[in-house]
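Participant: Residue strings, one per chain:
2 protein chains.
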Amino acid sequence: MECDLVNISSTNMTLEKTKNIELAELGEFGLIKRVTSQIKIKNESTLRGVGDDCAVLNYPDRKIVVTTDLLTEGVHFNLVYVPLKHLGYKAVSVNISDVCAMNAIPRQITVSLAISSKFTLEAIDELYEGIHLACANYGVDLIGGDTTSSLTGLTISVTAIGEAVEEDLVYRSGAKPTDLLCVTGDLGGAYLGLQLLERENELFRLNPTVQPQLSGYDYILSRQLKPEARTDMREIFKSIVVKPTSMIDISDGLSSEILHLCEESGVGCRLYEERLSFDPQTKKMAEEININPLVAALNGGEDYELLFTIPVNDHDKVRNHPDITVIGHMTKKEEGAMLVTVGGIQEIPLQAQGWNPIG
Amino acid sequence: MECDLVNISSTNMTLEKTKNIELAELGEFGLIKRVTSQIKIKNESTLRGVGDDCAVLNYPDRKIVVTTDLLTEGVHFNLVYVPLKHLGYKAVSVNISDVCAMNAIPRQITVSLAISSKFTLEAIDELYEGIHLACANYGVDLIGGDTTSSLTGLTISVTAIGEAVEEDLVYRSGAKPTDLLCVTGDLGGAYLGLQLLERENELFRLNPTVQPQLSGYDYILSRQLKPEARTDMREIFKSIVVKPTSMIDISDGLSSEILHLCEESGVGCRLYEERLSFDPQTKKMAEEININPLVAALNGGEDYELLFTIPVNDHDKVRNHPDITVIGHMTKKEEGAMLVTVGGIQEIPLQAQGWNPIG
Chain A
80 MECDLVNISS TNMTLEKTKN IELAELGEFG LIKRVTSQIK IKNESTLRGV GDDCAVLNYP
140 DRKIVVTTDL LTEGVHFNLV YVPLKHLGYK AVSVNISDVC AMNAIPRQIT VSLAISSKFT
200 LEAIDELYEG IHLACANYGV DLIGGDTTSS LTGLTISVTA IGEAVEEDLV YRSGAKPTDL
260 LCVTGDLGGA YLGLQLLERE NELFRLNPTV QPQLSGYDYI LSRQLKPEAR TDMREIFKSI
320 VVKPTSMIDI SDGLSSEILH LCEESGVGCR LYEERLSFDP QTKKMAEEIN INPLVAALNG
380 GEDYELLFTI PVNDHDKVRN HPDITVIGHM TKKEEGAMLV TVGGIQEIPL QAQGWNPIG
Chain B
80 MECDLVNISS TNMTLEKTKN IELAELGEFG LIKRVTSQIK IKNESTLRGV GDDCAVLNYP
140 DRKIVVTTDL LTEGVHFNLV YVPLKHLGYK AVSVNISDVC AMNAIPRQIT VSLAISSKFT
200 LEAIDELYEG IHLACANYGV DLIGGDTTSS LTGLTISVTA IGEAVEEDLV YRSGAKPTDL
260 LCVTGDLGGA YLGLQLLERE NELFRLNPTV QPQLSGYDYI LSRQLKPEAR TDMREIFKSI
320 VVKPTSMIDI SDGLSSEILH LCEESGVGCR LYEERLSFDP QTKKMAEEIN INPLVAALNG
380 GEDYELLFTI PVNDHDKVRN HPDITVIGHM TKKEEGAMLV TVGGIQEIPL QAQGWNPIG
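In the order they appear, the protein sequences are chains A and B. If you count by this note's numbering, then the first sequence holds residues 80 to 438, one letter each, in order. If you count by this note's numbering, then the second sequence holds residues 80 to 438, one letter each, in order.
What the hints contain is simulated information worked out from the structure, not anything from laboratory work. Quick reminder that beta carbons are idealized off the backbone N, C-alpha and C, glycines included. It cannot be assumed that every hint is accurate.
Each computed SDA-like pair below joins lysine to any residue, with the alpha-carbon atoms no more than 20 Å apart [claimed, not checked]:
#1 K197(A) to Q430(B)
#2 K112(B) to T257(A)
#3 K112(A) to Q430(B)
#4 K112(B) to D402(A)
#5 K112(B) to E342(A)
#6 K322(B) to Q432(B)
#7 K255(B) to L150(A)
#8 K197(A) to K322(B)
#9 K119(B) to S318(A)
#10 K197(B) to L150(A)
#11 K112(A) to G153(B)
#12 K317(A) to K197(A)
#13 K362(B) to K322(B)
#14 K255(B) to P139(B)
#15 K112(A) to E342(B)
#16 K197(A) to G153(B)
#17 K197(A) to V154(B)
#18 K112(A) to S252(B)
#19 K112(B) to G345(A)
#20 K112(B) to E343(A)
#21 K112(B) to S330(A)
#22 K255(A) to G130(B)
#23 K322(A) to V391(A)
#24 K197(A) to S252(A)
#25 K411(A) to T257(A)
#26 K363(A) to E343(A)
#27 K197(A) to E343(B)
#28 K112(A) to E343(B)
#29 K121(A) to A243(A)
#30 K112(B) to K255(A)
#31 K112(A) to L230(B)
#32 K112(B) to V391(A)
Cβ-to-Cβ under 7 Å is the rule here; a few derived chain A residues that face chain B [what the hints assert, rightly or not]:
#33 D132
#34 K142
#35 V144
#36 T257
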């Protein structure tokens, strides 16, 4: 991982730096030049990138997928403990993850920023370092955007564009009863990484001489601060000759995503608690704050793994795959979307966590 | 114009309404359903719109253009005097205008919103009314977006996608010395509309019993509050058999846009003051606040007209066209970008207005 995790104590320093070069001095066009000068176009489909009223793309024999996500300070991130480079990386990842959830190949992104006067040019550079690193890692071109001011805080809006041949595209709506429900990677880590950051930040706030205790938690911190979109799964599906019948990425939490697949596909589901396994750091942190890691997986979100269904006949193809876990199966709609607890003792209806627009 | 101008005194009432239905009650998914339920796909190129991880588009024999703009409360708009419906409309228009500046046909948009808790559901509905109206008027499909909360204020991020055959596309970079510099419509109105709104708002703030005096200023108010992108120009160019050599839309002011064309095309320019004519309301308001309407045109921005160059041999084709005014001509780069004052008395270098990231 080229983008090292920065520890909390150095993070918010970015904002306190002497304003060596003022943003106002540089101006909008100067800033745009600065942050786009290093862009080298990587994809054939990008005919023109930044520098005109629009970018120009060319997709003569592919379908195009488009997705967009908006991150706001104080709601999606807290700059006290989120390094700007990571934030830039994550803002790209969460969009690339949506492209992956269509089984498509990401190709281009646009990035729009609203920046308040508290940000130095160095801070913006750091944010763009993360954005450029993500573009490099995912092989996507930054083709446009908008840079503007805001009265308070930072807002980042990213749009990602990708491609696929029609027969490769996977929607949310194709799951059939009896299909197996599968997930990539492990869940709950991103949420528990956030809990750790918030706890240590609170302790630091109460007593600034206390050094944050983050060692031994690299994994869950990286899950929270620098999530990686599963761009690898498209190739994996190809290599094991499996095409998911439905797919979604896990941004809001497993419960909510399962309910989306059920609703869009018109099916029910049984999720087996005992099929979910957790990373040791996830388990340790869950224990420390006295919650069940299952709750973090179901409701925490931000894991950016892929949740998908496959025909039951493909079970052997995924059974021992290191990146894939079968966690349940789809049912008829009338049977509902249920969590089956360990040992099959209880069946509990899955519930989507409410989103709170009040922030 | 279906979207009537609302007068100031009723505008900010939107935010004060009883919160009949709380946003929190409805939740994110409820809100998305509510604002997307009326969408009917209009374009063949939109294979799938909202409802999955990505929208899916199909452009087998066209180039695709992509642009994005971000509007933030307090910087780009003041909700005290900007009706939300107009704001929604304008957020779409400014992006469609960029598509027009490529000589392309707009087809799809995504809309992302960050909303603070001060907004009622009715306010969001009003904003979307304007967005949907713009989609209807411009024939574009709303294919996706993100709706999230913000700690303060409203942020709107729109991405627009359009299409063109390669030979129709017009970039900023094709102007040649001797090309004629042309503009559509008239300039300065949007800026003076804003000055009027700000003046009346200030008077209203000082004495709330004073009714805002807006009558007789419909034109400049509509230029500011509900700008229309020049989607008509593509057909006009076709009908008069003119293909611009370079083009840009006027969002930042004529000076700044001319300088963009000069820089990207590697040419200079002479803009003749006497070639610019102004709407009577623009002139009247300029007089009232004691500025030269020329200054509003050069530095005001937000007119969303098209600025373009054509070969000098095409002069006869545009000479008497009601939508097109020849305002100058391009020169060699060494001659600079100059404003020639009335009667040719002075040549003044054009200057881009600084953008102030401090807001």
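Participant: Each of the hints needs a verdict: does it hold here or not?
Facilitator: Now the hints, each set against the structure:
no.: 1; hint: K197(A) to Q430(B); result: violated (28 Å)
no.: 2; hint: K112(B) to T257(A); result: violated (28 Å)
no.: 3; hint: K112(A) to Q430(B); result: holds (18 Å)
no.: 4; hint: K112(B) to D402(A); result: violated (34 Å)
no.: 5; hint: K112(B) to E342(A); result: holds (13 Å)
no.: 6; hint: K322(B) to Q432(B); result: violated (29 Å)
no.: 7; hint: K255(B) to L150(A); result: violated (42 Å)
no.: 8; hint: K197(A) to K322(B); result: violated (45 Å)
no.: 9; hint: K119(B) to S318(A); result: violated (38 Å)
no.: 10; hint: K197(B) to L150(A); result: holds (19 Å)
no.: 11; hint: K112(A) to G153(B); result: violated (25 Å)
no.: 12; hint: K317(A) to K197(A); result: violated (47 Å)
no.: 13; hint: K362(B) to K322(B); result: violated (32 Å)
no.: 14; hint: K255(B) to P139(B); result: violated (32 Å)
no.: 15; hint: K112(A) to E342(B); result: holds (13 Å)
no.: 16; hint: K197(A) to G153(B); result: holds (16 Å)
no.: 17; hint: K197(A) to V154(B); result: holds (15 Å)
no.: 18; hint: K112(A) to S252(B); result: holds (17 Å)
no.: 19; hint: K112(B) to G345(A); result: holds (17 Å)
no.: 20; hint: K112(B) to E343(A); result: holds (13 Å)
no.: 21; hint: K112(B) to S330(A); result: holds (19 Å)
no.: 22; hint: K255(A) to G130(B); result: holds (18 Å)
no.: 23; hint: K322(A) to V391(A); result: holds (12 Å)
no.: 24; hint: K197(A) to S252(A); result: violated (45 Å)
no.: 25; hint: K411(A) to T257(A); result: holds (8 Å)
no.: 26; hint: K363(A) to E343(A); result: violated (36 Å)
no.: 27; hint: K197(A) to E343(B); result: violated (32 Å)
no.: 28; hint: K112(A) to E343(B); result: holds (13 Å)
no.: 29; hint: K121(A) to A243(A); result: holds (17 Å)
no.: 30; hint: K112(B) to K255(A); result: violated (24 Å)
no.: 31; hint: K112(A) to L230(B); result: violated (30 Å)
no.: 32; hint: K112(B) to V391(A); result: violated (32 Å)
no.: 33; hint: D132; result: holds (4 Å)
no.: 34; hint: K142; result: holds (5 Å)
no.: 35; hint: V144; result: holds (4 Å)
no.: 36; hint: T257; result: violated (22 Å)
Violated hints for the displayed structure, listed by number in ascending order: 1, 2, 4, 6, 7, 8, 9, 11, 12, 13, 14, 24, 26, 27, 30, 31, 32 and 36.
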